[in-house]
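K.L.:
Here is what each chain is made of, one letter per residue.
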Amino acid sequence: MMDTTLEQAQQEIVDEFAMLGDWQDRYEQLIELGKELPLIAPEHKTDENLVRGCQSRVWLTAEPVSLLDCARSDTGSSGTTVIHFTADSDAMITKGLVALLVRVLNDRTPEEILGTPLTFIDRIGLREHLSPNRSNGVVAMLDQMKRYALVYSAKT
Amino acid sequence: MTNSTSAVKTVFDVEEIRAQFPILKVLVHGKPLVYLDNAATSQKPRRVIKAGSAYYATINANVHRGVHTLSTLATDAQEAARETVRGHINARHAHEVIFTSGTTASINLAASSLGQLLLKPGDEVLITGMEHHANIVPWQLACERYGATLKVIPITESGEWEISRSDDRMIRQFTEHTKVLAISHVSNTLGTINPIKELIAEAKKHGVITVVDGAQAIPHMHVDVQDLGCDLYAFSGHKMYAPTGIGVLYGREELLEQMPPWQGGGEMIDQVTFAKTTYAKLPFKFEAGTPHIAGIIGLGEAVRWLQDYDIDAMAAHEHTLLEHATKELRTVEGLRIIGTAKEKVGVISFVIEGVHHYDLGTLLDQQGIAVRTGHHCTQPLMERFGVSGTTRASFAPFNTIDEVDAMVAAAKKAVKMLR
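Taken in order, these protein sequences are the chains called A and B. Residue 59 is where the first sequence starts when you use my numbering, and the numbers rise one by one after that. Residue 833 is where the second sequence starts when you use my numbering, and the numbers rise one by one after that.
Calculated directly from the structure, the hints in this document are not laboratory data. No residue lacks a Cβ here, since even glycine has one placed at the ideal position from N, Cα and C. Careful: at least some of the hints might be erroneous.
What the hints assert, rightly or not - Selected chain B positions facing chain A (Cβ under 7 Å, derived; list incomplete): (1) 1188; (2) 1190; (3) 1191; (4) 1194; (5) 1198; (6) 1206; (7) 1249; (8) 1250.
Just chain A, with the same shape it has in the complex (with noise of 0.2 Å):
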């Protein structure tokens, strides 16, 4: 369990990129992040984990985790399940848009990734980059992370 709320770890991405000017240094931190983003493991970049765009590529993976492994004790004995995504694209500034999604809802329970309401990318100003027109693989990479918090949650 990450000490953070999801909705905290937006507020701090709205907070980071509000501190920004203009259009360019929105994008240079988003090229940056990209960069920063682990590489998603070799072997995992298979069509499998290929979460379809047209534009730009995005690979996948989700793995489900279990606290009582992590002998986190203040979870109680129930066994809460989070899940842990790595992830990767060509392009940078989809990489961007990627690591930011997996920062936000990395390591998190499937009840806290389908409750709360995705607005960070709206609220910083890159809400264009969902745009279906884009066909940039991010959104079938939200829906796809919503998948899985779907089937894990059924699982736990």
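Start from chain A and add chain B according to the hints.
P.N.:
Below, chain B without anything else, positioned relative to chain A:
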């Protein structure tokens, strides 16, 4: 407003042309729009926009159906537009001009109807490696349905057909099984102007039916279907300054008479009984349902607008832009132009080492510059060149040298941000 009966303007004045396109005053991300995506869709001159709205405001009615005045006026306007298009492509008869929703629908009509008419197991349909998906998939569907095979003329490194006029490879493309040749006049991705007249002549010698995808040619050059000698010629309105949702399939009368209808419905029939239906005469046999009347009228107006200009002067201007763009883009480190044919329209596709086209397109957009990125609906061609996509700038007569410079400067800025 320009009078459509005025003499052709032989002196090319880019500012005079720009003034007719209201959209060029739009700001994108607070910056003046630099619209370099004309091969995807061209912008519309005020005259064309007005013609469409004038139809709805003054004569809107269904065509070929009513006895009332508005229906007559709408029908007259639609048929006048058909005559205008006929003249523009030099077809023999107005009824050889079939209105469709666009090039895609035109080719689907052609493939579906010709498939039924001609294709048998073992037959071949010949296309080229630079076709748009709209000139691949309809033929694949027809081939699947009738057991025919799709054969492909390969493309050279410069983006030209791998056959030349002087050798016999052009002849060897045709076998006794070849029934249809379907080729683009101009490549949407590469800009290559193909020597279609020679290949059509060769096809005719072999009794092969010829279908031309003219979507990217018609905005840039004189197209004379009789001179080309093709059987069918498809194009869209929206790439030639007309509204979206309207296109044309030109067909040689004798062939159209033989071809079965594609879609059934109203307006395409002569007599309907549950036992048998007889079809209307050309062109209505192929125009089931209420047509896009406003679009047809807009298309007629766009053709008249084009005819007010010397299209060769427009093409010469676009060529100047192409040459300037080619020279300036080559100063970007790691940039490779995809499509270096000798004969090109104002289309330039490129890739930059280490830069993804999505990133480049996004950062150009932030600077007010509209280009197309991706595979341009030509995935087999992308595979041929070993790229996943390109960035493409495509020019219209309203574009300027300054806009080309703005694009190159913006691209250099984007590359700096991305590397």
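K.L.:
Each hint: holds or not?
P.N.:
Quick rundown of the hints versus the structure:
Interface hint status for residue 1188 of chain B: upheld, as the beta-carbon distance to the closest one in chain A is roughly 4 Å, under 7 Å. Residue-level restraint check for residue 1190 of chain B holds (minimum Cβ-Cβ distance to chain A is 4 Å; threshold 7 Å). The beta carbon of residue 1191 of chain B is positioned within 7 Å of a beta carbon in chain A (closest approach about 5 Å), and the interface hint is therefore held. With a least beta-carbon distance of about 5 Å to chain A, the hint placing residue 1194 of chain B at the interface is held under the 7 Å criterion.
With a least beta-carbon distance of about 5 Å to chain A, the hint placing residue 1198 of chain B at the interface is held under the 7 Å criterion. Interface restraint check for residue 1206 of chain B: the shortest CB-CB distance to chain A comes to about 5 Å, inside 7 Å, so the restraint holds. Taking 7 Å as the C-beta contact cut-off toward chain A, the hint placing residue 1249 of chain B at the interface holds, the least distance being around 6 Å. For the restraint placing residue 1250 of chain B at the interface with chain A, the shortest Cβ-Cβ distance is roughly 6 Å, inside the 7 Å limit, so the hint holds.
Consistency with the previously given hints is maintained throughout, with no hint failing.
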